Amino acid sequence: MIYSLLLLAVAWSIYPILRVITISIRPGDNLLNESLSIIPDDWTFENYIKIFTDHPLGAWIWNSILVTVTVVITGVTLASTAGYALSRFRFPGREVGLLSLLVTQMFPATMLLLPLFIMLSNLHLINTYLGLIVIYSSTALPFCVWQMKGYYDTIPYSLEEAARIDGASRFMAFYKIILPLASPALVITALFSFMSAWTEYIVAAQVLWYEDMFTLPIGLKSFQANMTTEWGLYAAGAMIVSIPAIALFLFLTKYLIGGLTLGSVKG
Amino acid sequence: MHLRPDHKFEFRRAMVFLVFLSAIINPAWAGDKTTLHLWHPMPAPSRVVLNELVAQYESEHPEIAVHLLYKENEEVRMAYMSATAFTEGGPDLLYGPSDFTGALVEMDIVKPLENLFSKEELAAFDPNGLTWYNGHLYQIGDELGNHLALVYNKRLFAEVGLYRPPNTLQELIEFGKMLTLDKNGDGIVDQYGLVWNFTEPFFFMPFYTSFGGWVMDEDQNPTLDNDAAVKAFTFVRDMRDVHGIIPAECDYDIADSKFNTGAAAMLINGAWSWAKYMESPFVDFGLAVLPINEETGLYPAPMIATKGYYLNPYLDGERLDQVVELLKFLTGAEAQFKYASRLATIPTRIEVRNRPEILGNPIIQTSIEQVQHGKAMPISPQMRAIWDAMRPAYQNVLGGSMSPEEGAADQQRIAEQKVAELFEGQDEDSDAFNVTVIIVYLAGAILIIWALYKLVIAFILPLMHGVPGVQVKESRFGVLMVVPAALFIFGVVVYPFFYNLIISFSNMGLTTVNNWRIIGLSQYGKVFSDYQFYHFFVKTIIWTGVNVSLHVLFGLALALLLNRPLPGKGIIRVLLILPWAVPSYITALTWRGMFNIDYGAVNIILRNVFGLEPIAWLIDPTNAFIATIITNVWLGIPFMMIIALGGLQSIPQELYEAASIDGASPWQQFKKITLPLLKPVMIPAITLGIVWTFNNINVVWLVSNGGQPGDQTHILVSFVYRAAFNLYRYGYAAAFSFMIFLMLAFFSVKFMQKSKATETVY
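Chains as they are written, first to last, in this note's numbering: chain F, 1 to 267; chain Y, 1001 to 1762.
Careful, some of the hints might be misleading.
[Claimed, not checked] Here are the computed lysine-lysine pairs in the BS3-like style, where the Cα-Cα straight-line distance is at most 25 Å:
(1) Y:LYS1454 <-> F:LYS254
(2) Y:LYS1119 <-> Y:LYS1454
(3) Y:LYS1033 <-> Y:LYS1328
(4) Y:LYS1569 <-> F:LYS254
(5) Y:LYS1750 <-> Y:LYS1454
(6) Y:LYS1539 <-> Y:LYS1754
[Said to hold, decoys possible] Listing some non-contacts, in silico: residues in chain F with all C-beta distances to chain Y over 10 Å:
(7) TRP43
(8) THR44
(9) MET195
Because the hints were derived from the structure by calculation, they are not lab data. Bear in mind that the values here come from a model prediction, so they are computed numbers and not experimental data. We put the CB at the ideal spot given by N, CA and C, even for glycine.
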């Protein structure tokens, strides 16, 4: 019963992705096809080969890794500390602070794009990764801070008190006791920061002017042209973008499960 | 507790970090070459030629480096406008179709060229290749193009005994009937006589003009409500409903795929696309001019646009000379010859057009003949407003929700309204000027002071003195932990927030980009007086409510199913996360394909498994909206599932054990233990889910292809993007966006208060 439900869910979740794979191994540039078969009769890896040989894909991947890793490190560091403070301390403005974190997420993209570009341009951050990283980090952060705070809230306060009595400083109690217990939330923070930087292209397209500096998603966008999209390449590129994301999910979900069980045994 | 005194490891981490840091900060691209920037929207085959030309130029001019940047048509226009109009930067050269001209000139962000070239130099060009506007030359073309013609597959023609293209529209229908076939006899047409992109009015122009219509009069006023429009609408509709030679649903990609795979015998498509069909193994390529309309004696007149180069207005001195030299090279005879011989484009230089290789190329010759039947695309900015008016009317007529007469009247009405909106703001009365300006700035100042005051109270004072009742050291520690994240987050949004706020009180628009002024609240008045605001507001609420509830419901259910010992759990978990891991810009388009009425997987499954009639997912406005919701539900489930999985880990197993001993049923356990303990983790995710979904422009835009049918599949953000940014109504867009923000803030704060998310459990 459980399996049949799960299988149904799996089928629903992967079918559209199988379609993307189909497009990527279909010869010629056709987005649509009347055939429903997943592997076309005349399948080919032509698009994957072409994408690697005709485009600086290696550079794009490296750039994306550079930006994304920095964003993930920044995101995890800042969110884990800020979330902790917001969970454990009562200071005036805390409620307002928490709400205003949320408020920053409410600006519609139509409100932000132009002024963000003007701001980056005035700060001479066009064509630098720094501009990109700051923006990506700040998009992912509010959610991550909230997420961390919510998770810390579920960890009993007595754990730190015990550590403090044993003579640990405030920071040590946080770093050595609480942080390891919050690993599921850290995983979510890392995943979320990763995804917000790894697949973003709208801001990147405004900031980066050099093809060698492109991140993977804007590189991909260059296969999409008004009415002449190279669908095969586009789909193949999308699959290449997904692989690191999937690998990371595979790797991190291990840590997502079983964070607190470890803690409660020892705590 | 396990401690890790592994200093080597720490050191390695620090080194990796330093390498990253240097790579981020490193200002690349120094050197003594002058780098010239050229932005262009050329499709891939033309890009190859452009790259070769630039490489040649760079080798002949070692002191120059030319940097090319490709962006899609609309994006290159928008990006150029942001860069030049708002920051006085931007590329040296912009390549694009001539219909950019009007808007670029009105915004004052393009350089007049007539004094940079001699009369003899200009005389070498076909006059159609030079774009003049208000008495100045702004664009030099290297190609006459973008015109539609009739492409046909000679092989499919021969199969039914036809050996020439149709000569009249009547023949087009007759041939179409002969070529529309159900080959395997299952009652579904496998091969259509004719396909083209039904969704864009650009592709409707040939029919409209063949009945004698045109888009505007000499004073640029729209002329869309006439007999020609009614007849052309009827003609197109009859081809589908009476003659059955065109499919029920057909956008660009469907038409393109069908013809390219031999599932359609004729195609109306533009010069940019032909090269692809010549290479297709399923197509024996034939090109013909669009056949004459025997009723009126007129040939269909596709719109012709010159493609060519614009210059950045801020260029001067030596750099200007360098750019002009590059421009002369790129529009020169050899460059044009290269494009023409490789891509069958029509050169703008008369000498090149008369070379034997070009005269002997049947495709170029047919193309030139078609251009002679065509009409130049108007380059005034009004054309944008007219397209935006024709699109919904045309789609609604084809979708059946309007008669041809209603469609014609409707497009005229909307066009007049949109043209007025395009030039709004120029003549706003300035009586109330002084008072409102003072009020606006005063309010702004108060807001800033209030924000600063809050900042001091919240962060700086606790840092200095500590909070009563808490040890000074403790509160300082807490604030120090919050400040870095707060700086990051607020540093990025403060400027955009105030910028947007000020612009929303201004008259900034197409003609007032650089001389806008504060006019008070009239932009907000316009937002509230538009009934569509309320219409799309309701849609946005439905969109958000349905999406987020289903995300949470399915996400939580799956997390609960997975949160138990289960063989193969790991692999199932990853498969379920996939929709989040694959970039949504491609999966959303795939979903669009799956909603196709005839060949989409959704309808095929409904038909074969459940025996249902096909559903017109993307043609009917309600269904199209449901289709976008289905897509977004699919995209959003994994996120909620992950959050719920993480949250379930925080619930100690002992609680359940104790509950079972006390005899609690699984449902009671779920209600009394799981739900309350998941709350602190789920509430932030749900709140943010609401916020993101409310403003999620991407999925709606991609699945509905920009609001189709008839600009009805919108939520507030996509509507403001379509209705305001498209027509350069920056002030109105800012006011509209700000209202979206305020409403969202109101709802989420209410939701937060109700769910008490800022409270802790313990």
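Checked hints:
no.: 1; hint: Y:LYS1454 <-> F:LYS254; verdict: 42 Å, violated
no.: 2; hint: Y:LYS1119 <-> Y:LYS1454; verdict: 66 Å, violated
no.: 3; hint: Y:LYS1033 <-> Y:LYS1328; verdict: 20 Å, holds
no.: 4; hint: Y:LYS1569 <-> F:LYS254; verdict: 11 Å, holds
no.: 5; hint: Y:LYS1750 <-> Y:LYS1454; verdict: 21 Å, holds
no.: 6; hint: Y:LYS1539 <-> Y:LYS1754; verdict: 23 Å, holds
no.: 7; hint: TRP43; verdict: 15 Å, holds
no.: 8; hint: THR44; verdict: 13 Å, holds
no.: 9; hint: MET195; verdict: 7 Å, violated
Comparing the model with each numbered hint stated earlier shows that hints 1, 2 and 9 do not hold.
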